[in-house]
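Chains A and B, in that order, give the protein sequences. Per this note's numbering: the first sequence = residues 1 to 274. Per this note's numbering: the second sequence = residues 275 to 624.
Source of the hints: derived by calculation from the structure; they are not laboratory data. Possibly wrong hints are sitting among the right ones.
Claimed, not checked - Here are the simulated SDA-like cross-link-like pairs (lysine to any residue), alpha carbons at most 20 Å apart as the crow flies: (1) B:Lys386 - B:Ala489; (2) A:Lys116 - B:Ala489; (3) B:Lys621 - A:Lys116.
To be verified - To list a few chain A residues with every Cβ distance to chain B over 12 Å, as calculated: (4) Ser6; (5) Leu81; (6) Arg84; (7) Ile89; (8) Leu91; (9) Ala92; (10) Tyr107; (11) Ile122; (12) Phe184; (13) Tyr188; (14) Ala215; (15) Ile228; (16) Val233; (17) Arg262.
Heads up, the beta-carbon is just placed ideally off N, CA and C, and yes, glycines get one too.
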Amino acid sequence: MLALLSLPALAVMAALLFVPVAWLVALSFIDEHGSVTIANYSRLLADGSLFKSMTLTVQLALVVTLICAVVGYTLAYAITLMPRWLQTISLALVALPFWTSALVRTYAWLVLLQRKGVINKILVGSDLVSEPLHLVHNLVGTMIGMVHIMLPFMVFPLYAAMQRIDADLMRASLGLGASVFYTFRRVYLSQSLPSLAAGIILVFVLSLGFYITPAILGGGRVMVIAMIIERDVNLHLNWGPASAIAVLFLLSVLGLFAIVGRFLSVERIFQGRA
Amino acid sequence: MSNKSRLIGALAAASMLLGSAAFSAQAQTTVTYAGWGGHTSESVLTGLFADAGKLNVSVRDELSGGWSGIKAHLVSGAPGWDIADIGFARCEEASQAGLLMPIDYSIIDKSKIPAALAQENYIGTYTFSYGLAYQKKNYAEVPQTWADFWDVQKYPGRRSMNAQGLYALEAALLADGVKPEDVYSTLKTSDGVDRAFKKLEELRPAIAVWWRSPADVMQLMRDGEVDMAVFPNGRAMTLALDGIEVGFQWNQAFLDMTGWLMPKNAPNAEAAMKLIDSALDPVNQANFAVKSGYGPANPKAFDTGIISADLMAWMPTAPENLAKQVLVDPTWYASDAARAAYERFSKLIQ
């Protein structure tokens, strides 16, 4: 009976996920004349730019995830310590940009970070630097923009978990003679770890697929995978090469999850349980 | 006359009017034009197609979806379009792929436009240029050539070029001392391509931004984010009209063309050819130039008095500007060698 009830859900999954992915895989083996080929793959492997771009995409996602984890954890913890009314305001401040379009926020960073932007004006005006810094149209600007967009994905699950941690447990640990660091590590961190892991995976996976932010803040030289796909569609006007990149990247991410899955259960991470 | 008979008279007159309107609508041919939409399409409809009524043609306006849209339309053999609007390089590519209807020069008067614009399977209808734009305040001495663009000692500052490599290889060759008339013949050899890349490599550290759209580079110059850029003339005009201190160098600028092509299965080819012929008339060309900021294809447009002297200074095809520029060769951009070169370019900036 239960199996029968899950049929509609399976049908939706099949129509919206499995069929398109299967189609994508099929397209990647078809050349511009419609015949079956592996040329799309051999071209990619021969061409170093794909590997370079994949490495860059993964590195960028890792750094953004790391910054989000450190900043997000600190921020979420700080919010739990605040009085109730300040918590509401702080959470609203985290959520507010979350409701604004990523495109608008990205352009806002462009205005702030550029050579004659607000930040450089303050830095040069206060004699902290003699020349305006290159804060945008490069990797630095891309990272700043991505961290800003990704931060709420880290803060909200962490805040929810930290809210549930019983402060008496910490007091008990300290009262029993444990050091502050030991208490944090064994009592607090271990209880917030599943949410931290959930946040990390969420931010990492979403960061892998970024397009707008690197395209606008990267100055054309931060060529992430999504941009390579766009370039290939425009350059070849043919879905084959672009599909091949997407398939290769999908496989890499699945491979990554397989490795992560050896240490952490993905289902349990998303359920938020330890 | 009683009220009643007056009413009957009015009704009769109205029905006659309606009848004649229906009659003329039937006789009219509808030509479908696939354009860029927005301001450009509007300028085409009201400027270049101003005589459609006289030709008893009504124009249906559609969005082409750019080159990917046009190519998809041509390849699929979808019906409905008579004229599509796209850059010359893409026209040439479509022509080589055998997707186009030949232009009927017994209907269209070739003599209205320069010979380079009257191609067998497509026809140049308006022009634009990409040249060197610079922040006037930063340079006491005006940069004159692409060699100056490359000279970071004499002209320090941040540069910006197109991320797809448009006009970049040509500029590199000119900076390396190739004569303007030899640029494309040099590019068509593999040594020439290598030479261009070698020169580009030199300038690469000075390129602060590889821009992705004309709107991008306009903003970069407006904000003072970069000091020099490969820049479209229309945007330079807009900045100048806004009072921004940006200069545009016509010398060695790349004069490019937008062409009209007709799909092989164009339903109303004859009416479309007549419409194209009328679009090349000096008055229509001049009105279009005023509305859009694009350069007319017919040089006689400048003799109509419609284009002011101020505007003329911004027109790529104004005689004074024309002489200084390099004519873009669509056969280069349509070639396999070019495709390979621009793939190589995208690796250079990566």
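The hints, checked one at a time:
1. B:Lys386 - B:Ala489: 32 Å, violated
2. A:Lys116 - B:Ala489: 18 Å, holds
3. B:Lys621 - A:Lys116: Violated, at roughly 30 Å.
4. Ser6: 39 Å, holds
5. Leu81: 41 Å, holds
6. Arg84: 43 Å, holds
7. Ile89: Since the minimum Cβ distance to chain B is about 33 Å, isoleucine 89 (chain A) lies beyond 12 Å and the statement holds.
8. Leu91: 34 Å, holds
9. Ala92: Label holds. Min Cβ-Cβ 31 Å, cutoff 12 Å.
10. Tyr107: The claim breaks: tyrosine 107 (chain A) does not keep its Cβ more than 12 Å from every Cβ of chain B (closest is about 9 Å).
11. Ile122: Per Cβ check, isoleucine 122 (chain A) is outside 12 Å of chain B; nearest 17 Å; holds.
12. Phe184: It holds; phenylalanine 184 (chain A) is separated from chain B by about 43 Å at its closest Cβ, greater than 12 Å.
13. Tyr188: 43 Å, holds
14. Ala215: 7 Å, violated
15. Ile228: About 8 Å separates isoleucine 228 (chain A) from the closest Cβ of chain B, which leaves it inside 12 Å; violated.
16. Val233: 8 Å, violated
17. Arg262: 33 Å, holds
Comparing the model with each earlier hint shows violations of hints 1, 3, 10, 14, 15, 16; every other hint is respected.
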